[in-house]
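Number of protein chains: 2
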Amino acid sequence: MPSSEILGLVAGLFTTFAIIPQIMRVYKLKSAREISVIYNTTMLLGILLWLVYGIVLGLVPIIIWNIIGALLNVLLLLAKFKYGR
Amino acid sequence: MPSSEILGLVAGLFTTFAIIPQIMRVYKLKSAREISVIYNTTMLLGILLWLVYGIVLGLVPIIIWNIIGALLNVLLLLAKFKYGR
Chain A
588 MPSSEILGLV AGLFTTFAII PQIMRVYKLK SAREISVIYN TTMLLGILLW LVYGIVLGLV
648 PIIIWNIIGA LLNVLLLLAK FKYGR
Chain B
588 MPSSEILGLV AGLFTTFAII PQIMRVYKLK SAREISVIYN TTMLLGILLW LVYGIVLGLV
648 PIIIWNIIGA LLNVLLLLAK FKYGR
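For the protein sequence lines, the chains are A and B, in the order given. Oh and the first sequence: position 51 is 638 in my numbering, straight run, nothing missing. Oh and the second sequence: position 20 is 607 in my numbering, straight run, nothing missing.
I should point out that these hints are in silico values taken from the structure, not numbers from a laboratory. Don't take every hint at face value.
All copies of an identical chain are treated as equivalent in the list; a pair is satisfied when it fits inside any one copy or across any two copies.
[What the hints assert, rightly or not] With a straight-line Cα cutoff of 20 Å, these simulated PhoX-like cross-link-like pairs (lysine-lysine) come out: (1) LYS667 with LYS617; (2) LYS669 with LYS617; (3) LYS667 with LYS615.
Turn these sequences into a full structure, and let the hints steer you where they fit.
Listed below in structure tokens is the structure:
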């Protein structure tokens with residue numbers, strides 16, 4: 588595995604899983620008033636575009652992290668619908 | 588400009604600027620209680636790693652968006668320090 592690929596895997600580990608404590612916090616507080624639904628939907632759309640970019644260029648880290656990232660962002664969006672006021 | 592580069596620029600437009608309505612919402616509500624500081628700092632660290640990845644592979648969209656993304660995430664972190672309880 589080229590070292591750039593390892594770097595991309597580590598970078599994606601951070602930017603993809605960063606959202607997990609945010610999701611946990613919102614579900615724990617049972618409040619998503621401060622979460623912007625425009626943020627969430629725009630981010631989801633962008634992640635799907637990065638996924639296409641990764642597929643086109645065959646960049647493995649970008650493909651993997653954006654699939655996981657899309658799923659996690661859906662969880663935050665569900666929290667917004669459930670707890671957003 | 589190769590079409591993959593245009594795709595990366597559009598994808599980054601979404602994922603980078605998505606955070607702007609989130610920042611605006613927190614500053615408008617003067618409340619960042621729901622924002623996870625672990626989310627924010629982990630995301631910032633990951634963005635800086637993606638920046639290095641982009642520099643190593645010479646991927647222009649990744650370089651540009653991660654510089655802007657880092658700056659925007661600092662704004663959200665400042666909001667957390669100012670309004671987080």
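Comparing the hints with the structure gives:
no.	hint	in the structure
1	LYS667 with LYS617	both (10 Å within a copy, 19 Å between copies)
2	LYS669 with LYS617	within (8 Å within a copy, 22 Å between copies)
3	LYS667 with LYS615	both (13 Å within a copy, 18 Å between copies)
Of the numbered hints stated above, none is contradicted by the structure.
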